[in-house]
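2 protein chains.
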Amino acid sequence: MADTTKIPYKIYLEESEMPQSWYNVRADMKNKPAPLLNPGTHQPMTAEELGGVFCEELVQQELDNETRFIEIPQEIRDFYKMYRPSPLVRAYCLEEKLQTPAKIYYKFEGNNTSGSHKLNSAIAQAYYAKKQGLKGVTTETGAGQWGTALSMACAYLGLDCKVYMVKVSYEQKPFRREVMRTYGASVVPSPSETTQIGRKILAEHPGTTGSLGCAISEAVEVAVSNPGYRYVLGSVLNQVLLHQSVIGLETKAALDKYGIKPDMIIGCAGGGSNLGGLISPFMGEKLRGEADYQIIAVEPASCPSFTRGVYAYDFCDTGMVCPLAKMYTLGCDFIPAPNHAGGLRYHGMSPVLSQLYADGLMEARAVPQTAVFEAAEQFARVEGILPAPESSHAIRVAIDEALKCKETGEEKTIVFGLTGTGYFDMVAYEKFHDGKMDDYIPTDEELTIYRAKLPKMD
Amino acid sequence: MADTTKIPYKIYLEESEMPQSWYNVRADMKNKPAPLLNPGTHQPMTAEELGGVFCEELVQQELDNETRFIEIPQEIRDFYKMYRPSPLVRAYCLEEKLQTPAKIYYKFEGNNTSGSHKLNSAIAQAYYAKKQGLKGVTTETGAGQWGTALSMACAYLGLDCKVYMVKVSYEQKPFRREVMRTYGASVVPSPSETTQIGRKILAEHPGTTGSLGCAISEAVEVAVSNPGYRYVLGSVLNQVLLHQSVIGLETKAALDKYGIKPDMIIGCAGGGSNLGGLISPFMGEKLRGEADYQIIAVEPASCPSFTRGVYAYDFCDTGMVCPLAKMYTLGCDFIPAPNHAGGLRYHGMSPVLSQLYADGLMEARAVPQTAVFEAAEQFARVEGILPAPESSHAIRVAIDEALKCKETGEEKTIVFGLTGTGYFDMVAYEKFHDGKMDDYIPTDEELTIYRAKLPKMD
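Here the protein sequences line up with chains P and X, keeping their order.
The letter at position 3 of the first sequence is residue -8 when you use our numbering, and the numbering goes up by one with no holes.
The letter at position 19 of the second sequence is residue 8 when you use our numbering, and the numbering goes up by one with no holes.
In short, the hints are calculated from the structure, not lab data.
Note that the structure is a prediction, hence the values are computed from the model and not measured.
Treat the hints with care, as some may be off.
[As the list claims (entries may be wrong)] The calculated lysine-lysine pairs, modelled on DSS-like cross-linking and capped at a C-alpha distance of 25 Å, are:
id	chain 1	residue 1	chain 2	residue 2
1	X	K401	X	K(-1)
2	X	K(-1)	P	K(-1)
3	P	K119	X	K86
4	P	K70	X	K246
5	X	K(-5)	P	K70
6	X	K70	P	K70
7	X	K246	P	K246
8	P	K86	X	K124
Based on the sequences and whatever the hints tell you, model everything.
Okay, structure coming up:
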C-alpha cells in the first residue's frame, strides 16, 4: 500500500475550506442547455410562469445561464456544516483487493440521515421557500432519499412537507416513510387517489408500480392547487445541479490539497443531480480548455435514457403538466421494470448533462442490475460501507475501469461518486442473495413505442 | 450563536492525531474490578480456562489490570482509518432550540455501516482471532449493531461469523439480518433450537422474546463445541472497554485541541461498552486526581441494573455457562420488557463500571422509553441525525441537564456519546408516532424474585 503515508484514507476539508459559492457550469457552456418550454405554446417558460410552480429565487437560478458563481447564503452554509464537508475517501482496501495499479477515490455523500447527497439541494430549496414566506412544499421521491432530505430540511426550518413516493419504493422501503414522519412530513404512495392525475393514471394503468414521472405530476398538482405551497424537485433541474456543485467543489478542493489530478470521473445518473454536481468544476475546466477528464455517466440497463434514449423535447412528468425539457429521454410514459435503484428510475435526464453529452463532453454506460449488486457487495466487504443500489452503478464501472488498468498496467486516478447508503434497500439485497434479482432490459420495440409518443415540436 | 467562528460544528482529528494505543483505565483504578470466577469452583478464572472460550491475546487483555497503554496493532489502525476518527460535534442547533447557555458536544460513532461504536472492538477481536489462526467466531447480538460490526470485521479479514440475535430484535429489525448476510455472516434468532441451552430455555419459557443473556449462552455453547472457533462479546468485558477507549481518547484529543474542558460526560449504558470507552481517559484523570468530571450513566427504566440492581457476583448469561462476574445486576434470569433499545436489554453491567460506580466515581439515571423517543425526535429535527434508541437515552439526559442550565444560567459544557443511528429502528419510531409505546417499569416485587436467584457465594 504505497502512498498511505502521504494521502490519508479520508480527506476532510476544514470548515474554512468549504465552498462559499455554488458553481454554475452553464456559465461556461458554449452551447447552453435548451430552455424549458410552455407545454401549450411551445415558447420558453418565463420567470412569471415558472413562479407559479417554483419559488421565486429558485426560478432565477433555474434561468440563469450566465452567473458563474452564486453565493451560498449563510444559513445554508451553517446547515451544510452539520453534515459537510463529506469525506473524499481513498479506496486503499478496494485497490488492494482488485490488485490494480489504479488509484481509486470516492466522494462519500451518505453520512447524513437522508442517506445521500440529496440534502445539499433540499436545504437550499427549503430555505428559499421559507424566505419567500411560504407555508410548505410538495415533492416526489423515488428511493425515498430525496423525500427524507426534504423532510429534514423542512423540519429544520419549520415548513410543511408533502411527499409523493413512487409506489414500488414505498412498498420496498416501508421504514423510509417512518423516517420522513419522524421529521414531520406526510407521505403518500404514488399514483394515488388524492389527485386528479393520480386517479387518471390508476384508471389507465391499474396495478402500476409507479414512476418518478407520475409522482412529479401529483406533487405539482397539489402545489399549484394549494395557496402558500410550491413544488420542489430533487433532480433534473438546473437549480438542483447548481446546488449539487458543492459535491464537485469539495472534491476538487480535496484533490487539489494533495496535488491529485484525476483521469476519470464516474457517477451514477438518474435525473443527473449527483453526477452533475460531482463533475461541474471539472467540466468547467474542460469547457474552458484548462484540463481534460474522462467523464462517465452510469445508468441502469433497465432505464437507459442516455444510451438508448433520444435527445428531444419531452415532458418531465407522466401527467404532462410540467414544462417541456430538451433532454435524453425514453418518453414520459416509459415506466421501467421495478428495479431496485428507485433513484435512477426516471425516463429523462438533466438538460445540462444532456447538452454536454450531445456535445461529446462525456460518455455513458448502462449496466445490468445483478452486476451492480455484485459490485456493491464486493465494495461493502472491503471498504465497509454498504452502498445504495444507485451508487453501486458507479462502483460497478469504477471496478471495471480499475480492472482494465490491471490489464494494461496504467496507473489511472479514478474518482467516483458514492452518493449514498443502502440501509433502506435490504429487500433488494435479499433478492440478490437469494438469486432472485431481475435483469430485465427493455426491447427496441418497447422503446420505439414510447418514443413515438414524444410531443410533436414545430 | 457565539463561538461559531472559533469552534467548528464538527471537530475531526487528523489521521496523525488518532490514538496509537488503547488506554486501560484499570491501571489507574485503586480498587480493581473484581475478577471473573469459575462458576464451578468460585475461584478466579485462569488464562488457560478463559482460553477455551476467548482468543489468547484477548485473554491477556482481559486479565491485565496494570498496563496503562496497550498499542493498537497497525492492521487495526488501518481499519480504523476507514471510518475513524469519528467527529466530535458541537450541537449548536440543539443549544439554540433549547435556548440554553450550556455548551453541548456529542461524539458521533454512527457513521459506519454497523451504525454504532461496536466496530471499534469487533475489528480488534476479529484481528486477534485471525492472528491465532482460528476459522471463525461466534457471538450474540441485541439490536444487531454488534452482530453487524462483527460481520463487517470478519468479512474484511476472511473469518467465518455465526451470530445469535435476540429474538425480539430479530423480529423488529428484519433488515439487520440481511446486512449481516451481505457481509457473509449466518444469523439465528435466539433462543433457538440449534443449541442445548436454547432448547432448554424455549421449553421453560415458551414464547420468550429472548435476551442478551440467552443469546450469549447459545453463542458460547457453539464456540466451545466447534474446533477452530472462539466466542467474542461486544460489551461488558474488560477487553471491550479497552478497545472502546478509542472513543474517549479521540474525544479528549478533540476537546484538548480547542482547550475545552467538559463539566459533564453522559453516555447510555447497557453492558457499558460505549460509556466505558467514552469516559475512560476522563475517568483516568479523575482517578489520578488531575481533574474532576460529573459522569452520568443512563439506562432504560425497564432494565435498571445500576439504579435498582445489586452489586454482586452473577452469571453473565441466562444459561449459566459463562464465568461469574461481580457487577450491578438484576439477576441473570431477568428478561426485560420488550423495549426498543435492544442494546440496553442486558441484566448486568461491566465489572469496571460497576466498581467505579460502587466507589462513587460516577452516577446513574434510569429514564422511561417515551421520554427517550421524545428526546430522539427533538434531536433529529434540529441536529439532522436520526439517533438509535440506545443513544437517545444519553440525549434525554443531556437535554434535561441543558434545560437545568437554562434555569440556573450555568454555562456548563456537556459531552455525550451518540453511539449510533436508528435506521433499523423504525418499527420503534412508528410505535412512538402512533402513541403505542410501552413504558413498563419492573416492580420491586419482580426485581426481588430475580435477585433471590443470584448465585450463593461463600
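Here is how each hint holds up against the structure:
1. X:K401 with X:K(-1): holds (19 Å)
2. X:K(-1) with P:K(-1): Judged against 25 Å, a Cα distance of about 15 Å means the pair holds.
3. P:K119 with X:K86: Between K119 of chain P and K86 of chain X the Cα gap is close to 18 Å, so the pair holds against 25 Å.
4. P:K70 with X:K246: Roughly 19 Å separates the two Cα atoms, so the pair holds.
5. X:K(-5) with P:K70: holds (14 Å)
6. X:K70 with P:K70: Satisfied, since the Cα-Cα distance of roughly 22 Å is no more than 25 Å.
7. X:K246 with P:K246: holds (22 Å)
8. P:K86 with X:K124: Answer holds: K86 of chain P to K124 of chain X is near 21 Å, not above 25 Å.
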